[in-house]
Each structure stands twice: as structure tokens, then as C-alpha cells.
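K.L.:
Now for the letters of each chain:
Protein chains: 2
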Amino acid sequence: MQHLPTGTPLRTQAFSPDLSPLVLAIPENPLRALFPYAARPGMLNLASGHPSPDAYDTEGLTEASRRAAADAAAWSYGPSAGDPQLIAALEALTPTRPRGHRLIVTSGAQQAVDLALRSLARPGSTVLLPEPIYPAILSICAAAGLRVEAYRLKADDPELADLSRALGRGEVAALYAQPTFSNPGGETWGLAVRKRVLELCAAHRVPVIEDDPYRALCHAEAPPAALVELSAQVQGSIVIWAGSLSKTLAPGLRLGWAAAPPTVTGPMTELRQAGDLQPNSLAQRVALRYLELDRLDRHLTRVRGLYAARHDRLAAVLGAAGFSFEPAAGGMFLFPALPEDTAIEGLFERVLKQNVLYAPGPSFALNRDARFGNRLRLCFAGLDAEALATAAARLVAALNE
Amino acid sequence: MQHLPTGTPLRTQAFSPDLSPLVLAIPENPLRALFPYAARPGMLNLASGHPSPDAYDTEGLTEASRRAAADAAAWSYGPSAGDPQLIAALEALTPTRPRGHRLIVTSGAQQAVDLALRSLARPGSTVLLPEPIYPAILSICAAAGLRVEAYRLKADDPELADLSRALGRGEVAALYAQPTFSNPGGETWGLAVRKRVLELCAAHRVPVIEDDPYRALCHAEAPPAALVELSAQVQGSIVIWAGSLSKTLAPGLRLGWAAAPPTVTGPMTELRQAGDLQPNSLAQRVALRYLELDRLDRHLTRVRGLYAARHDRLAAVLGAAGFSFEPAAGGMFLFPALPEDTAIEGLFERVLKQNVLYAPGPSFALNRDARFGNRLRLCFAGLDAEALATAAARLVAALNE
Chain A
1 MQHLPTGTPL RTQAFSPDLS PLVLAIPENP LRALFPYAAR PGMLNLASGH PSPDAYDTEG
61 LTEASRRAAA DAAAWSYGPS AGDPQLIAAL EALTPTRPRG HRLIVTSGAQ QAVDLALRSL
121 ARPGSTVLLP EPIYPAILSI CAAAGLRVEA YRLKADDPEL ADLSRALGRG EVAALYAQPT
181 FSNPGGETWG LAVRKRVLEL CAAHRVPVIE DDPYRALCHA EAPPAALVEL SAQVQGSIVI
241 WAGSLSKTLA PGLRLGWAAA PPTVTGPMTE LRQAGDLQPN SLAQRVALRY LELDRLDRHL
301 TRVRGLYAAR HDRLAAVLGA AGFSFEPAAG GMFLFPALPE DTAIEGLFER VLKQNVLYAP
361 GPSFALNRDA RFGNRLRLCF AGLDAEALAT AAARLVAALN E
Chain B
1001 MQHLPTGTPL RTQAFSPDLS PLVLAIPENP LRALFPYAAR PGMLNLASGH PSPDAYDTEG
1061 LTEASRRAAA DAAAWSYGPS AGDPQLIAAL EALTPTRPRG HRLIVTSGAQ QAVDLALRSL
1121 ARPGSTVLLP EPIYPAILSI CAAAGLRVEA YRLKADDPEL ADLSRALGRG EVAALYAQPT
1181 FSNPGGETWG LAVRKRVLEL CAAHRVPVIE DDPYRALCHA EAPPAALVEL SAQVQGSIVI
1241 WAGSLSKTLA PGLRLGWAAA PPTVTGPMTE LRQAGDLQPN SLAQRVALRY LELDRLDRHL
1301 TRVRGLYAAR HDRLAAVLGA AGFSFEPAAG GMFLFPALPE DTAIEGLFER VLKQNVLYAP
1361 GPSFALNRDA RFGNRLRLCF AGLDAEALAT AAARLVAALN E
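Residue numbers (our numbering), protein chains in the order written: chain A, 1 to 401; chain B, 1001 to 1401.
These are computed hints drawn from the structure, not numbers from a lab.
We put the CB at the ideal spot given by N, CA and C, even for glycine.
Any given hint could be a false lead.
[Stated by the list, open to error] Rough simulated footprint, nothing fancy, chain B against chain A, three-plus residues with beta-carbon under 8 Å: (1) 29-43; (2) 56-62; (3) 208-219; (4) 289-295.
[Claimed, not checked] Incomplete in silico selection of chain A near chain B, CB under 8 Å: (5) Gln111; (6) Asp162; (7) Pro251; (8) Leu253; (9) Val286; (10) Gly319.
Please put together the full structure from these sequences, using the hints given.
P.N.:
Below is the structure:
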């Protein structure tokens, strides 16, 4: 025990505290690691899944803020599960779902997935993830001490035998899916695959987490019914559905929500309460007042139009340059493979030198290995059409410089 | 593997999914469990630590909201550690601290403590908590799989031999403290105790989490220097300091912040990113614009005056009725012992029947046992002076009905 001589203030020579192995296991989020590049002046950002500010309904949000600020509920504590009035309003934005499901408000779909996984999966158990994967899900799993295993749905395996084997290996606590306009792949599962996945998960008593933030951004065609809707027809299936206002209204609101049986929303709410007590009251009140303005449908029609034009413009440039990819019917992303003769080594830096930023394919590999090394994730939503065309042209020009 | 006969939609007969033992271990938060009572019409709520809406600077908050809404940053994604402009503004509200400490924005002090504990303590390790304890801390510990052990600082043990023994038992990952206007006790540690705690923790290489949301609410006298400030004089000590705008500005903003060495704020930020990506952009922008209005000092002077009058009014009624307690020099709470002849059995219900709500003492026992059975936590901040006097008179009248 060390005593200090009185009157001798010392500069702290701090020890480095031990850190939990769980926090040390969190991999760097390769998308958030791009933020400093994105902030460079003049950078054309194709990397980030951010709605462009010209796709915000600024007038509506401003009016909603004005109304919200006049209400003491915006400044006060509220229920951990969310504002009951907002929950009622979110019903209209949620797919049809089995009787008894409840809604809880979360800080974005990210928190909904975090709470669902930490409620369903004990440390050491396994979560099945699609590959390519949205990498923020890997952070959740690492922080919770969960093992991850990849699954891929292949066109030549309609019975999903691979998935069935993975589900049968035991200790699988949950299957995570983005079946609609996926990030990064831009893919959408067909109806038969959706039903088959639910049947398999029900048979193995594995709950499904359906991360569905892009559903309303269907610029080409409406997606098939959500897993949560179909689950009412598949006996024994459980789906925890996660939605978000980030891509439709504004990401800065940090509002998402989850629909699930009360046996799951209850524990999720307790976990949320332990972590940060409750959703943001101000943001909830602004969202509620916005939804009451009855502008969302018109706003989404406008956004879908913007994104359709941007998608088609980017797809045209990529197609002409020899990229190979499936067009996306909605969402915000393409995940094209580079033309075959591209010098991949140094490409990120060459493109960056042109003030264009993309998200490299290996960011979306489960083990951050070389998989998807010839792919890029490109967000077509974040730039206006002219900037997008400039960015795409520079990208193509940098391919084989 | 069960197949469905086509065309026969079944009602889901869902299995109950297994839940993680961590989420099952979360104790009910006895304060949030009082919310339904608090919502009853006409209820006079002495139980909840909520600022009364008449202590909000509604005019300032409204103006700040108006300015924030005009700014695309309010609606957009931002850095996981918080808005750099807000962080700069929060510097002025943070105690002096050792060189190199960084600030990160959190969703209330609750999230700051959650992130600090989960970064510093691995599952199975021990956290030392003061008793009586603010019960939301127990939820954090349970969800993270941490053991908890109580410490009490006694006036007749100036060397803190008990605490020294507890720190020496090994596997202690952190000590949590509310040294200033504590919740529920309303107590403030003197300077000698503060230094002694820091010396002991430094000697045992145990980091200290200083939860300090009430510091600015010093209605009678200014508190001693914060542990984080004193830590610069105690070689080898590490303090993670947590502050909040909930009690000074508005709890609905859900904004707090942490000050700590970067070896700790770094992991805390990664954990936060895994859980919900980043702080609320809208709330951060509103807080920034509010602080720029330069109204906070005047607002706090007004609030301190309100709370001083309320504290004194409640203390006078309790004193006259034979309660025993130390007056509080700040914060929001008294934790008085009932007069000796009070029939404790059924008291909560008798008081409730008078439309008055208090928080029973055992809510603040580490093991929810009968400890503090003769105490009540009473918040003097949440009601205006007249309602407070009515509530206190009804409480006294119900004591021995």
C-alpha cells in the first residue's frame, strides 16, 4: 500500500487496466473505419450506406421537430420498451405478423439485432450468418462471446441441404438473415426459399432474426412477404423481425424497432433497460409527430424514384465497364465483381486518389479473409445522380491505371 | 422435418426459445417497476428520480431544437464516440482530469457505466458496489455475468480497512462509486475518504467508475473535488468518470458522457458501436445548440433554487414527523428511516391509497433482502413545492393508519 507524501501532487502514471476478452475480441468495423476517408473534402463516397441528405424530407422533419419540442414527453423519461403512441404508429410500417407479437422501439435495427442475439444466444453458442455479411453483426457476436458460422443459399440446392446440416450441428442459438435487398449483396430471397428456411429452422427449433431495414426501398419491384409474415403459416417457427427508420426517414434519429413474441421482447427490453434504460424520448416524439403528418408515403415514393434512377445510372456504367453483378430491385447496394483483368492490388488507393471511396469486398467476409477480394460494395443511394456518375467514371478509369 | 400440407395455413404454435442465462439473471428493476403506479391519474410521485417538467428550460430547449433541425448533421450518421463539437462543449461541464483523458458521448450515464463495466470486467469477475445501491447498476452487472460485492464506508473506519480487504480478495475488476449526492443515500464523501479510496484502489490496481450525474445540483454547498480530478494526484489510480445531461438539462435527451484514458474509451467505443452504432445525432445537435445559447448557468441557478426549497420543505415535514435522516447538500434524494413505531407492513399500499408513491428501501439492497426495510427513497425534485407538501403530509398521515 503506497502512501503519498502530502503536498506532493504527482502526475498520474496510470496502469493499463485489464480489459475483458469480450471487448478485445471485437473486430474493427471496416465500414466505420472508412469514416475518416469519407470526411475528406471533395470525397465522393460510394462506400457508406448513408441516405443522401437530399433524400431527407427536411420540411417534414422540421415541422415534426417543432411540434415535438412543445411536448414535455420529448424531454422526459419514458417506458423502456418505447413510447406506446409511437409503437402504435409503427404498426402500420410493420409486416403482418403472427398473433401475439409485440413491438419494442430500439436504437436502430442494430440494437434490435444486438438485443435479440444477446437474449437468445448464451456465450459460446453459435449463430448462423449469411455470407457476405454486414460486418456490424460480427461486432455484436464478438462482444457477446458468440461463435459464428456462415451459411450460403445456392441456386443449385433448392432443398437447402447445406443449411439443414448447419442447423443440425447443435448449439445453434439463432439464424440471422437479411432476406430482402441484402447488405452488401443486394439480394432478395424468393418465396420458396423463405418458406424452406422457416421450415428448417422450425424443425431444428432455431429462432430466426430477420433484419429488414430496406423493405420500403423497393425501387424496381415489391419484395416477397417477410419471413415474419410467412412464419404464421409454418408451425413452430419463430421470427424476430427488426425494422428501422434510418433508411426511410433519417439515420440520425437512431430509431428502429423489433417485432417478436413477448417471450423474446420481454427479455430484450430488460437487456435494453440494463444497457441504456430506454429509447431516446426526443427522437421518438419527433418520429411520432412526423408519422402523424402523413407525409411518409409521398416521401418514400420520391426516394424510391431517386434511388431507381441512381441504381440504373450506376448499373449502366458498371455494366459497360465489364463488372458482373445482379441488378438490385431495392435497397441501397450493389456488390459487383471487378472485370476479370483488373489489377486488384492497390486498387483501393488508386480509387481513393481520385477522391472516390468504396467498401472493399473482404470487409464482408466472415473471417475477413481474402473472400470477395474481387468485389466492391457500392452504395448508389448516397450521392445525387451527377456526383454518382462522376464517381463511377473515376472508379472505372482507375481500374487499370 | 415437418412439411406443411399446401393451402393449409396453420396458426403458429411457437416454441419458447431458450434464453441466455445472462438475460434470465437480470433482476427486475424495482424503480422502473413503479412506472405503472406513477402513471395513475392524480398520483403524487415521490419515488422516481425525475426532474419536474417545470425545471426544464423549455424556451431554451425549443430554440435549440429549432436550430438543430435546420442542420443535416441532426438527421445523419455520425461518429461512434460522439459529435466532436458536442464533445468540445462538454469539456466545460467535466471536472478537471488527468492529462490524456478523452471524452465520449453515451446514452445517459447508464450507458457510460454499462460500457465501462463491460470493458473492464470479464464475466465471472467481481465489481464492488456501495450499499445502498442504485438498482439499475445491478442490472448491468447481471447482464454482463459479473459478481457483485457490497462495500460500505463507515465513519468509525477512516482507514477503510473493510474496503481494503474487499479490494485484496482478487478478481476485483472495478469499484463503482457515486461519491457526490448519492442515489439513494443523498450522501457525499469527504475529501479524505476520496483520497483514501483512490489510494487503496491504485494499490490494488482496481479502476474506479465514478458515476457523477448530480454534481451540478449542489443546492446547499459545493461538493469536494471529483475522484477523477483527485486521481491526478494519486499515482497509479484510474478513474472512469460518467456525467449526464439528464438531471441538469432533460432526461429525454438520453445524453451522458464518460471521461477516461484512451485505453478505456477506445474499447468502450467499440462496444457501443457493436450495440447501437453511435449516439443519437438529433439529441446531440440539440444539446450542442442549447449549450451554445449560453443559458445553462442561469438555468442551473434556477433549478438549484427550486430544489433547495423543495428539499427544505420535505425535510421539515419529515423531521417534524420523527423520521431520521441526514439532509442532502445536493442531488435529488433523501433516504430517511421511518419513525421507530411505524407499522412497516402494508405501508406502501396505505400510502399508495393516498395517491402517493415512494420507493421502498429494500429496492436499494444489493440482494433485495430485507435490508433498508425501514427506509424510503424520496425524490424532492420531481414535484412543485405545493404538491410536495401535500405528498409529504399524506405520507405522514398514512404512517400509522
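K.L.:
Counting residues of the segment 29-43 of chain A that have a beta-carbon nearer than 8 Å to any beta-carbon of chain B, does the count reach 3?
P.N.:
Answer holds; 3 residues pass the 8 Å Cβ test.
K.L.:
Against chain B, run the beta carbon of Gly319/A and see if the smallest gap drops under 8 Å.
P.N.:
This interface hint is violated because 30 Å lies over the 8 Å limit.
K.L.:
Double-check Val286/A for me: the hint is only fine if its C-beta lies closer than 8 Å to a C-beta in chain B.
P.N.:
Since the shortest Cβ distance to chain B is 7 Å, the answer is holds.
K.L.:
Can you verify the interface hint for Gln111/A: is its Cβ closer than 8 Å to any Cβ in chain B?
P.N.:
4 Å, holds
K.L.:
Please verify the coverage claim for the segment 208-219 of chain A: does it have three or more residues whose C-beta sits within 8 Å of some C-beta in chain B?
P.N.:
Result for this restraint: violated, n = 0.
K.L.:
Hint Leu253/A vs chain B: min CB-CB distance below 8 Å?
P.N.:
Result: holds, 6 Å to nearest chain B Cβ.
K.L.:
Would you check whether Pro251/A satisfies its interface hint, that is, whether its CB is within less than 8 Å of any CB in chain B?
P.N.:
Check passed: Cβ of Pro251/A comes within 5 Å of chain B, closer than 8 Å.
K.L.:
For the segment 56-62 of chain A, count the residues whose Cβ lies under 8 Å from any Cβ of chain B; is that count three or more?
P.N.:
Holds, because 4 residues of the segment 56-62 of chain A bring their Cβ atoms closer than 8 Å to Cβ atoms of chain B.
K.L.:
Holds or violated: the hint that Asp162/A contacts chain B, with Cβ atoms closer than 8 Å.
P.N.:
15 Å, violated
K.L.:
So is the segment 289-295 of chain A in contact with chain B by the C-beta rule, three or more residues under 8 Å, or is the coverage claim wrong?
P.N.:
Result for this restraint: violated, n = 0.
Hints 3, 4, 6 and 10 from the list above are not met by this structure, while the remaining hints are.
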